[in-house]
Amino acid sequence: MNRVIKSSAFSLALGYVMLGFVALVLFAAPLWYAWQVTIQDGRAEILKEDAQRLTEIYRRDGAQGLTAFIEKRVSLQIAGERILLFADSSLKPLAGNLPAWPLDVPEKSGIYTIVMNLEGHQTRAVLVSNTLPGEYHLLVGRDLARFAPLETRFWYGLSAATAILAIVGVLGGLLIRRAILSRINSIGQTASVIMRGDLSHRLPARYSGDELDTLSLTFNRMLDQIEQSVNGIRNVSNAIAHDLRTPLAELRSRLEELVVNRPAANETFAELEAAVTDVDRVINIFNALLRLAEIDAGLRRSGFVQVDTAKMVAQVVEFYLPAAELRGITLSLRQVESVPVSGDPLLLTQAVTNLLDNALKFVHDNGTITIDVYRWSEETVGITVADDGPGIPDAEKPKVVERFYRGDTSRGTPGVGLGLTLVAAIARLHEGTLEFVDNYPGLRAYLVIAIGSPFKSAISSMTNKTESRQQEKTPLLEAHKTPVLDG
Amino acid sequence: MKVLLVEDNERVSRFVVKGLHEAGHAVNHADNGRDGMFLASSESYDAIIMDRMLPGKIDGLSIIDALRKSGNHTPILILSALSDVDERIRGLKSGGDDYLTKPFAFGELLARLDALLRRSQGNNSTETHLEVGDLRMDLLSRKVERGQRPIALQPREFKLLEYLMRHADQVVTRTMLIENVWDYHFDPQTNVVDVHISKLRQKIDVDFERSLLRTVRSAGYMITANE
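Sequence order for the protein chains is A and B.
Heads up: take any position in the first sequence, counting from 1, add 229, and you land on our numbering.
Heads up: take any position in the second sequence, counting from 1, add 714, and you land on our numbering.
Just chain A, same shape as in the assembly (with noise of 0.2 Å):
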């Protein structure tokens, strides 16, 4: 029964209930005084039409002739019959079913509700006074208490349609209880299934578009995010395990290799030197995996500031031109269109850090690497870096961006490919894309971001005044700026 009675289902309907009653009543309320005023308006009038009668008779016939018309009629024993009573000046009584002119009622006309004895039992009466002509006063009235009866049925109605209410209120709140407490319940169900480790579980939903099957959907969605993100750790972790092992395996054969043969100093400190160079080498592997996996879960979305791409993709290229320079490389920003982005500046410089990274240690010397940045669509904004290196063959395309894989021309040059792994990531975390075509002859990379919609309206008109006004306080603020260790 407590259960019952805590169920959120019960104690809305029993508010709806209690609604109900307050309902009722105001519905009654002016019911029942409208007929309490047309009914003793009523009454008062067939009252006045009597006595009005009677005056008539008192102005043809005298006095005389209403004692004896009155006298016939309380002889008549007529059920229901009225009070009346016609008495002369001095209030004693001439003919009438009263025995004496009641003492709470004024011998001037009108109309009196009062309380009076009638043949033994206090009753409520509605009286019309009269005074006629001669200092006569006629009495004519009517007994409450046989309307009683009519006024206790009402009570009784209304007292039913109440109990109805209450009935039907309850038996409804408890049907919607049990069944809104059947779905909650597999709902939970399948919560407690999916606790307990198998996330490939759904909420029943019926796609009905009611708000739990709204809510069921969410839900859904919510599991199918965190299913996506489990599945990404433990891809994480079968990639640490497979390739984290095999330098480990490196450094620990070197190691043993050395406690067991025991060479000669400087042969050890050479073998010393490379096992700090493996072990740094594990640490960028897993400094690149963490951050992917970061990445990957969404984080940093929150983060989220404007980012302008041009500017961004000028630094980068800035950064690199010299090393490009000494190779002989032309390193050429192209086209360059200002759209500012909602994004991660970090992650965003760090994308467009690896394409160019990745196209310098392919691209033979005297190359050429060529960046554009522009309005990719409506909502996104592209960043090509093309180059006419060796290119990779179609097959491999897609291969590039998974995690540790490295084509054949990469063999002998360093890093740990992951680098375009972690482009892709960084891509797909501003919900853009990473693709290869082949640049005829190389390799063009598309990064396409999403613009982000809190920039999509502002764009034309922000640009042009932020990039004036930064392009104003450059120097003064490189000048004051301490540039110790501040980062």
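The set of hints was computed from the structure by calculation and includes no laboratory data.
Quick list of simulated restraints, FRET-style, between CB atoms: (1) B:Gln916 to A:Ala543: 22 to 30 Å; (2) A:Met424 to B:Phe818: 34 to 42 Å; (3) A:Ala478 to B:Phe818: 22 to 30 Å; (4) A:Leu487 to B:Phe818: 22 to 30 Å; (5) B:Leu796 to A:Ala504: 21 to 29 Å; (6) A:Ala543 to B:Lys857: 20 to 28 Å; (7) A:Val488 to B:Gln916: 45 to 53 Å; (8) B:Arg725 to A:Pro433: 50 to 58 Å; (9) A:Ala420 to B:Val930: 56 to 64 Å; (10) A:Ala543 to B:Phe752: 45 to 53 Å; (11) A:Val488 to B:Lys857: 57 to 65 Å; (12) A:Val459 to B:Ala866: 50 to 58 Å.
In this text, a Cβ means the ideal position worked out from N, Cα and C, and glycines have one as well.
Go by the hints and put chain B onto chain A.
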């Protein structure tokens, strides 16, 4: 210089203490948060190296926070296994002056510590010019000359040289340069920084008898007028 090391890992501590001794620093060591807090607040140090995750119910950031609130402005280098950008920002916001991620190369630690010590000694933010040997940099007019000869530098080259000159006679690592000159927080895989340095060297050193900008093997760079 007197340095406090708050670090719970025994092997890392031994390694760092030994290295700092060899570099000529006096080192006190605390291996938990409580002792670290006690030493940091009761003794006077030139710099503190602070691990973030410590035994003893009080972590590194809380110690830093408490020290800063009590008006202690000793430069603090945070040492942590937490490498996220967000964690780094949190560390610096709590009052740390620099952030180094574990595992680290000792050279990197030493270079950053020296930079912190230098900064706390001479409050050089009001300087109007920097000098190393006959190389002179005017920070207001943004002009550089060596001997009597003016040297034209691009803005980024100027910033790079300024950073090196502010840390003259100290080793500056590649990571420090990337963080402070370019404001990037990741290591490019190619030797981009080396190329920037060699370009700068072309401008300031190549026609002169003595070169000021030196490469320190397996550590970084140093600008110095000494032999």
